[in-house]
Amino acid sequence: MDQTALREVENIERHEGAFLRTAVVHHELAEPDTPLVFEIDALNVYYGTFRAVRDVSLGIHERQITAFIGPSGCGKTTMLRCLNRMNDLVETARVEGGVKYHGVDLYDKKVDPVEVRRRIGMVFQKPNPFPKTIYENVAFGPKIAGFKGDMDGLIEQSLQKAALWDEVKDRLKESAWSLSGGQQQRLCIARCIAVEPDVILMDEPCSALDPIATGHIEDLMQEIKDEYTIVIVTHNMQQAARVSDVTAFFTAEVHGDQDRRTGVLVEYDRTEQMFTNPSDERTENYVTGRFG
Amino acid sequence: MSGGVRTMGTGDIVAAKLQHRRIDLRGKVFEYLLLLSLLISLLFLAVLLFEVTSRGIGVFQERGADFLTGRLSVVTAMTAGVGQAIMGSLLVLVVVVLVAIPIGVGAAIYMEEYAADTKVTRFINVNIRNLAGVPAIVYGLLGLVLFVQILPGITGGKTALTGGLTLAILVLPIVIITSSEALRAVPDSIREAGIGVGATKWEVIRSHVLPSALPGILTGTILSLSRALGETAPLLLVGATTGFLATGGANFFEMFRDSYTTLPTVIFRWSSLPSADFRALTSAAILVLLAITILANAAAIILRNRYERKW
Amino acid sequence: MAAVESNLVDLSGAPARRRKEEIIRRIFQSAAAVSVIISAAIVFSLIGRAMDFLFAVDVSALFSPSGWFPRRGFYDLRTIVAGTLIISLIALLVSGPLGVGAAIYLAEYARPRMRRWLKPILEILAGIPSVVLGFFALTWISPELVQRIFEGATLFNLTAAGIAVGILITPLVASVSEDALRSVPVSLREASYGLGASKISTTLRVTIPGAISGIAAALILAISRAIGETMIVAIVAGGTGGSPFRLNPLQPGQTMTGAMTALAIGSDQVKGEALTFPSLFFVGLLLFFMTLALNVVSERFVRRVREKY
Chain Z
-12 MDQTALREVE
-2 NIERHEGAFL
8 RTAVVHHELA
18 EPDTPLVFEI
28 DALNVYYGTF
38 RAVRDVSLGI
48 HERQITAFIG
58 PSGCGKTTML
68 RCLNRMNDLV
78 ETARVEGGVK
88 YHGVDLYDKK
98 VDPVEVRRRI
108 GMVFQKPNPF
118 PKTIYENVAF
128 GPKIAGFKGD
138 MDGLIEQSLQ
148 KAALWDEVKD
158 RLKESAWSLS
168 GGQQQRLCIA
178 RCIAVEPDVI
188 LMDEPCSALD
198 PIATGHIEDL
208 MQEIKDEYTI
218 VIVTHNMQQA
228 ARVSDVTAFF
238 TAEVHGDQDR
248 RTGVLVEYDR
258 TEQMFTNPSD
268 ERTENYVTGR
278 FG
Chain D
479 MSGGVRTMGT
489 GDIVAAKLQH
499 RRIDLRGKVF
509 EYLLLLSLLI
519 SLLFLAVLLF
529 EVTSRGIGVF
539 QERGADFLTG
549 RLSVVTAMTA
559 GVGQAIMGSL
569 LVLVVVVLVA
579 IPIGVGAAIY
589 MEEYAADTKV
599 TRFINVNIRN
609 LAGVPAIVYG
619 LLGLVLFVQI
629 LPGITGGKTA
639 LTGGLTLAIL
649 VLPIVIITSS
659 EALRAVPDSI
669 REAGIGVGAT
679 KWEVIRSHVL
689 PSALPGILTG
699 TILSLSRALG
709 ETAPLLLVGA
719 TTGFLATGGA
729 NFFEMFRDSY
739 TTLPTVIFRW
749 SSLPSADFRA
759 LTSAAILVLL
769 AITILANAAA
779 IILRNRYERK
789 W
Chain U
55 MAAVESNLVD
65 LSGAPARRRK
75 EEIIRRIFQS
85 AAAVSVIISA
95 AIVFSLIGRA
105 MDFLFAVDVS
115 ALFSPSGWFP
125 RRGFYDLRTI
135 VAGTLIISLI
145 ALLVSGPLGV
155 GAAIYLAEYA
165 RPRMRRWLKP
175 ILEILAGIPS
185 VVLGFFALTW
195 ISPELVQRIF
205 EGATLFNLTA
215 AGIAVGILIT
225 PLVASVSEDA
235 LRSVPVSLRE
245 ASYGLGASKI
255 STTLRVTIPG
265 AISGIAAALI
275 LAISRAIGET
285 MIVAIVAGGT
295 GGSPFRLNPL
305 QPGQTMTGAM
315 TALAIGSDQV
325 KGEALTFPSL
335 FFVGLLLFFM
345 TLALNVVSER
355 FVRRVREKY
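Chains as they are written, first to last, in my numbering: chain Z, -12 to 279; chain D, 479 to 789; chain U, 55 to 363.
Warning: the hint list may mix true and false statements.
Okay, derived cross-link-like pairs now, DSS-like style, lysine-lysine, Cα gap no bigger than 30 Å in a straight line [as the list claims (entries may be wrong)]:
1) K253(U) to K87(Z)
2) K130(Z) to K119(Z)
3) K74(U) to K506(D)
4) K113(Z) to K253(U)
5) K130(Z) to K96(Z)
6) K87(Z) to K506(D)
7) K96(Z) to K506(D)
Which chain Z residues stay away from chain D? Per the calculated CB distances, all over 12 Å, these [said to hold, decoys possible]:
8) A29
9) Y88
10) H89
11) K97
12) R105
13) R106
14) K156
15) A195
16) N223
17) E240
18) R257
Here are the computed distance ranges between Cβ atoms for each label pair [stated by the list, open to error]:
19) R236(U) to T36(Z): 23 to 29 Å
20) S753(D) to R169(U): 42 to 48 Å
21) L116(U) to L568(D): 25 to 31 Å
22) A195(Z) to R662(D): 54 to 60 Å
23) A594(D) to W164(Z): 28 to 34 Å
24) R169(U) to G136(Z): 41 to 47 Å
What the hints contain is simulated information worked out from the structure, not anything from laboratory work.
Idealized CB from N, CA, C, for every residue including glycine.
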């Protein structure tokens, strides 16, 4: 049985009369199959003075599907958006700690966030195609990046990879908004793929879709995982179990009188291991449905 | 942790590409151009205020409050004042308040609280929005026909009452639209609560909906009055005096059915007199008008901001 | 009050209370009806007298090459329509870039603290009466701006009027455009950023196209307001006694609204002929229908934005 290697540094603090174990835990897979893409080190995210994510450390590996799971409000989406600097768009957001991408500090002053997002793409919770034609939606990213080659070919290839080509090949000039929800989301994936990213981040991509459309997207993920590193946030445990190779379980700490919750990483392991033999009691409670 | 030659190679390339942060020149230029367009508008405003103040402040320094009480004249700049104009504006505004506000708020109450969503209702809505877009001078034409030619018996012809009624019709659509918005902003839960304890529709409106909507209605009222204060074209058409005004000892109520002038009318007339003295007078009159207008608009904005925060 | 008795008791309520409610309802309904009456009144009062003029006048006088000199019987419509259109065009050239530019800045770039100051100032600009801008046009815009830049411009000219009208309507353009820009959902912008687009790319390729109907509505509304603007024209455009047909914006001219004002106050002392005064209503009717058509079109564009999202 593979075990997660843990290096724990324990700080025991008195907090309003109760003992709180503040553990800064570095989570790594003991025998990774592929090299690291992201090295996240003691990541803290603040919105103003409120800490939304506390001391997260983990490594994400290439060409695998990594799932972030946990109850709502535990900072999964905030975490995800740190990986492509989308939190930059929020005025009050502040990131502390390190996110290294292929060894490069993503938050270094010299790093251009626009360039970051070309390599680390994102698919959002609610499909958000542009109010343009299907063709123009997929072509948008490459055009922005200055692509001068065979655009038609690139479009077809991207739509093929997103398992949408057969359904739309005769109506590329129609409005993207005329597609069904599931088709729109696959279009968004095609749009993302067209930029030829290295990593694809998915923020609950199926939560707005029906089960059949969800199945399509999950199959799609398995097909493309050989080419892209995928990190998916999902509130659906079964989906994580079906789809991912590695899972990170987050939970929310509630602070006394405040209504705000801070996200922390509890456990990070191969999916099979986490769901059959979790190390932490909190994880076990969550995956067995005792709370959620 | 990160092992393997392959990762190092990719890392180098990635590092090189990522760390070459382009100074987004196009983006910055674009942003500053946009800011410029905003600032140019404000610049015009600043120049206008500066010009008017520098020309007109001298009148107040020399004559002080005498300017505010002086009589209208287009001949002698030294004694000409805006006293009658202010009085006339006041008379007109009184009529506007007494006529446009009750009818406007009443119409808004009907449209928002009583009327069902039928074709007729939608037609009335469209009609009100169209009326809001009709040029002021056309209302002047209406006033000319209705109040000067058809109904001089009631209005007295080219009087302050006529002017007030004409402007009341002009601002009516604005009052209706702003009051409707204020009423719509009141949450339905309040209405349901009232109906739930057995109150009638009017009782709910009177004791819950109207008081909640009152700040918004008040804001709309102030903006309408401010608009009416600055209107000139319709009043010219219904006979506001521009030259000499003889008001001899009439009591307040009689003044409504008497000749009159208003502040913007005087400004218009004096602006055609090119002498430096009258230029100064015009500027001084503008200062008075602007002071009132800007104060009123500021009050409305403050009222609206404080009101918006409540919900 | 017992439950059993309520089956036998009439639940329709006290008749006096119901009657009072009905009366109140009727009162409010008649208030709403007033608005319809006003529209009807405008149309009927204008049409009657305008038709009188139209039937009495010689058609050739309406296209008289001598220009618009109503007191001499020359009612060349082309002169005053041309004047109106020239001023509106200049006003659009001023208020379009300034208003839309300001709107884009406020909606996309300005920090919240800046917006809190800039928006009220823009609203103050919106409250300035047109006579004030007319005086400003005469005493500053014309001599300091127009006459300095362009040789041969007279003191009274259409350009100064156009610029002043442009300043007058800029806040309106900015306000409607900003509403349109803000109605473009954040999710579309996020999609663009997520694909690695810069801010200017997103603004130009996603946000502005998404709001284009609303911006078009703003510009159409601007033209409508410019056409109907009176006092600035009356003060600085010249042509109060009449005007020949002229297309030179650096010279004085007459617009529809200016013509109406001149007719109403009789700013020149010549008495004129029998049809002079009724021509006022004909021009007024023309103006009414022009602005009505523009406003209806503008409304349709605004509705298109609302329906989209």
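Here's how the hints hold up against the structure:
1. Restraint check for K253(U) and K87(Z): satisfied, since their Cα atoms lie roughly 24 Å apart, inside the 30 Å limit.
2. With a C-alpha separation of about 14 Å, the suggested pairing of K130(Z) with K119(Z) holds against the 30 Å cut-off.
3. Taken as a hint, the K74(U) and K506(D) pair is broken in the structure, with Cα atoms around 65 Å apart against an allowance of 30 Å.
4. Our distance criterion of 30 Å between C-alpha atoms is met by K113(Z) and K253(U), whose separation comes to about 22 Å.
5. Of the pairs offered as hints, the one joining K130(Z) and K96(Z) holds, with about 27 Å between alpha carbons and a cut-off of 30 Å not exceeded.
6. For a cut-off of 30 Å, the pair hint linking K87(Z) to K506(D) stands: about 29 Å separates their Cα positions.
7. A C-alpha spacing of about 18 Å is found between K96(Z) and K506(D), which places the hinted pair at or below 30 Å, so the restraint holds.
8. At roughly 15 Å, the least C-beta separation between A29(Z) and chain D is larger than 12 Å, which holds for a residue marked as non-interface.
9. For Y88(Z), the requirement that its beta carbon stay farther than 12 Å from each beta carbon of chain D is not met, with the minimum near 7 Å.
10. A cut-off of 12 Å between C-beta atoms contradicts the statement that H89(Z) is not in contact with chain D; the least separation is 4 Å.
11. Interface exclusion of K97(Z) from chain D breaks down, the closest Cβ pair being 5 Å apart, not more than 12 Å.
12. A cut-off of 12 Å between C-beta atoms contradicts the statement that R105(Z) is not in contact with chain D; the least separation is 9 Å.
13. Annotated as non-interface, R106(Z) brings its C-beta within 12 Å of a C-beta of chain D; the closest such distance is 7 Å.
14. Every CB of chain D is more than 12 Å from the CB of K156(Z) (nearest about 33 Å), matching its label as outside the interface.
15. Every C-beta of chain D lies more than 12 Å from that of A195(Z), the closest at about 28 Å, which supports listing it as non-interface.
16. With a cut of 12 Å on Cβ distances, N223(Z) stays outside the contact zone with chain D, its closest approach being about 31 Å.
17. With a least beta-carbon separation of about 28 Å from chain D, E240(Z) lies farther than 12 Å from that chain, consistent with its non-interface assignment.
18. The Cβ of R257(Z) lies farther than 12 Å from every Cβ of chain D, with a closest approach of about 17 Å, so its non-interface assignment holds.
19. For the pair R236(U) and T36(Z), the supplied restraint of 23 to 29 Å holds, since their beta-carbon distance comes to about 28 Å.
20. At about 44 Å, the beta-carbon gap between S753(D) and R169(U) stays in the expected band of 42 to 48 Å.
21. At about 43 Å, the beta-carbon gap between L116(U) and L568(D) misses the expected band of 25 to 31 Å.
22. Roughly 30 Å separates the CB atoms of A195(Z) and R662(D), a value that falls outside the hinted 54 to 60 Å.
23. For A594(D) and W164(Z), the Cβ-Cβ distance of about 33 Å falls inside the hinted range of 28 to 34 Å, so the restraint holds.
24. Range check, R169(U) to G136(Z): about 43 Å between beta-carbon atoms, so the 41 to 47 Å window is met.
Checked against the numbered hints listed earlier, the structure breaks hints 3, 9, 10, 11, 12, 13, 21 and 22; every other hint is satisfied.
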